[in-house]
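Protein chains in written order, with my numbering: chain S, 21 to 379; chain G, 982 to 1247; chain Y, 881 to 1168.
Derived from the structure by calculation, the hints contain no laboratory data.
Please note that a few of the clues may not be correct.
Label-pair ranges, simulated between beta-carbon atoms [claimed, not checked]:
hint: 1; chain 1: G; residue 1: Y1154; chain 2: S; residue 2: A85; range: 19 to 29 Å
hint: 2; chain 1: S; residue 1: H113; chain 2: G; residue 2: F1046; range: 29 to 39 Å
hint: 3; chain 1: G; residue 1: I1159; chain 2: Y; residue 2: G934; range: 50 to 60 Å
hint: 4; chain 1: G; residue 1: G1108; chain 2: Y; residue 2: A989; range: 45 to 55 Å
hint: 5; chain 1: S; residue 1: A39; chain 2: Y; residue 2: E1071; range: 35 to 45 Å
Partial list, computed: chain Y residues near chain G (C-beta under 8 Å) [said to hold, decoys possible]:
hint: 6; residue: I912
hint: 7; residue: L919
hint: 8; residue: Y950
hint: 9; residue: A975
hint: 10; residue: P1080
hint: 11; residue: V1082
hint: 12; residue: S1109
hint: 13; residue: I1129
hint: 14; residue: Y1133
hint: 15; residue: R1137
Residues of chain G clear of chain S, computed beta-carbon distances all greater than 10 Å [unchecked claim]:
hint: 16; residue: L1045
hint: 17; residue: L1143
hint: 18; residue: E1145
Every value quoted in this text rests on a predicted model; they were computed, and no experiment measured them.
Yeah, the Cβ is synthetic: ideal placement off N, Cα and C, and Gly gets one too.
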Amino acid sequence: MSEAAPHLVISGVSKRYGAATVLERVDLTIRRGELVTLLGPSGCGKTTLLRAIAGLAPPDTGTIALAGRDVTHVPPHRRNVGVVFQNYALFPHLTVAGNVAFGLKVRGTPKAEIDLAVRRALALVKLGHLGGRRISALSGGQQQRVALARAIAVEPDVLLFDEALSALDRKLREEMQVELRRLLQEVKATAIFVTHDQDEALTMSDRVAVMNKGRIEQLAAPRELYARPASLFALNFVGLSTRIAGQVVGAQDGMVEVVTPVGRLSARGAFQPGASVIVATRPEQLRLGADAGANSAAGRVRSVVFQGSRTLVDVDAGAGASLLAELSGREAEVPRVHDEVRFAWPVAETFAFAAEAAP
Amino acid sequence: MMTRAAIVVCWVLAIGLALFLVLPLAVIAAASFSPTPVFDLPLSGASLRWYGRIGRLDGFWPSLFLSLQIALLSTALSLVAGTLAAIAIARGKLPGATALGTLLVSPLMMPGLVLGIALLQYFRMIGFTATWSALLVAHLVVTLPYVARTMIAGLSRFDFTLIEAARTLGCTYAGSVIRVMVPALAPSFLISGLFSLLASFDNYPVSIFLTDVRSKTLPIRMLQYIEEAPDPTLAALSTLILAGTLVLLLISDRLVGLHRMAGTAD
Amino acid sequence: MTEAVLSAPVVKPAPDRERLAALGFVAPSVLIIAVVFVLPLALLLGVSVLDSKGGPTTAHYVRLLGTPYYLGVIWNSLRLGLLTTLIAFVISYPAAFALARARGPLRSALLATLFLPLAASVIVKAFAWTILLRSDGLINTVLIALGIIEDPIRMIFTQTALIIGAVNIFLPFMVLPIYAVVAQLDGRYAEAAATLGASPAVVFLRVILPLTLPGIIAGVALVFSLSVSAYVVPTLLIGEKYPTLATTIAKAYLLARDPGFGAAAGVVLLAIAVVVVALSTLLSREPK
């Protein structure tokens, strides 16, 4: 994808509800055609940010520019956004086609054009045959598609999804994630998803913004977010990890030496000696056996969980520390509960985070 | 779930109840066709002569118009005020919203007669003696609780995200309310309107203390006819009112469904 | 993020517009209820403790609660309310179950028989009962034709007439709340109880009755407060022979011009209604 001009520019957006600060000077720039997820726990401000973009909750300070236009104080009906709501918010008194046509109708689009656009939008979500149905006669998955068609039909400058897939059951949700991404790329839509589901975030988006306490903690491509978490919060929120508390005893060239209950470990990070840190790594980095030049730790296997393509091994490393290892299905040897084992993992994949930042 | 005998008892009671409830209405309708001035049932023939006499009842037309005016106006005003209040209460942005809802509905459970004498005292004290206005204001208290109760119930089931959805699709706030909220609330609107209309049109215990010799509402006039000289003309009038009510009910049933009315009009 | 934004002064939280709008929305209704309902009732309370010269007195209450005649009047009202409520409940509760099981045209027809009388004027219905219960009325005619009685029995202006009329007129207010609850009753509760070993009687007492209690409470409270303060029904069906609080109040204002005493009677009637509402609120709030 070529480096396009900024399409949605959010700068310095803050929002308070009474004494509570929900958004704290948020900056976010999104290119045309980009799919971005706002990921975070409930109360992190992600939905408020989405509502600010939609115009449903104007920010207290800061500006929002959409398609080259300052829309900070533009009411929602003049923003040209498309929103897919959490419970779809389909109009119960209208048919499927009536819902999809709604946005065009209130814009005063000629009837022939509306019919064409409705047919196109419904075909896009594969519901072309259900235009005359009542909303209450649809399944959850179908309602989701109608909501999408309704939002797309007005050809919005940005599509906003508020936990749009969370009401679907797991299998349907996973199918919709893949299909939705393909569909959005097909119509070259710029889209923002709000979710607390990390799988959804990693699957659907070009970039993920991890939000915490009204701020964006990290904005990165899914792969980078997973491999190079910028904070302990990002590390915890996306994927599994092994985390061990310790104290920095040596620092050099962006690397630190940390004394932990399981032994001396090397990690990436810039800290002064004496700092309290959390040393962390991803479970798939752990390999059975010792390895010179790598970090390693030993312990007794507490549990082994078989998950099909992978097996998770939880190891009690003593002094309250534990190791979490993920062994792929091809691994010949899988330890059993109560086995004494040693795991090693690369120093380059070991990170140190400030301990007090722990959530 | 239930034993056979219990089911039989339930059905017998339900059918009996239905007949018992319809009995007085049927009797009135039958009596209105009586060929003689007395109500000897079963009828010895059929006549429409009493219908022709309704209009000649002393003071009938002014009373009918007064009652219609008061009923329509108080219902319209209550629908506006009650719906607005219900919106605020159902959205729950107000502290004590539940208590406010209870306050607005509370006149329903209070004896109308007591409200009548209280208003009589009150209006006298503040020098508010215009009969027509006094009746209208009093009937607001009669009709508003019906609207508030039904609209709060209806709105508590309304999903306010629909308004936001409409706004993001290009509707102004007012436009969203008209295009989305009004159709969704139409049944509640209809039901509360119907009930408050009937409550006002039929009200006796409040009105009796607020009317004077010149302006009497229809129920007061009718009770006067019954006490003075009951003849089948009254039955004819009652039958016409019943027929009107029946038409209103049939329209509501067509638009909303009676079982929904039973659910929301408890 | 620009420097200007960083150095922008912290904006005070704006007054919550939505809350202001909500206040504006409830204001007209609250104003109506406060000015035309609460205030007049408060005034009535005041009038009930004033003598004809405007001085404070408890004479009206002493007269009302201290003379056997007026105690009889209060009891007449309560008796009318209690009997009407009891009979209406006994008929309505089982009938509501049948109604809830009815489907299609039968259900529509049954519901119509509830709504039509509900929508019909009280005066019309009471008038109908005066016709039905006359000595030469339909009921006597039928009873004589059936050979059950030889001579017409006097029914109009008896307590029987009063209760029959009151039950008839207030029945829908009992059936509808109970029906609303019964119709939503999940049949699986009873099935679950049965699979747990409960007999039909136990299922009824331990599951169905408690689950339908909110409807019962609503219906009982409504019918009692309506019938205890009924005015048209006793006036037309029994008259002077059965004075109630309602007829006493009306007489005090319309004939005797004794507002202080009428107000005191009104306050007593109001107190009964308040007790009923308080009790029903308390009962329906109680955890099951």
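Taking the earlier hints as the rules, which of them does this structure contradict?
5, 8, 11, 15, 17, 18
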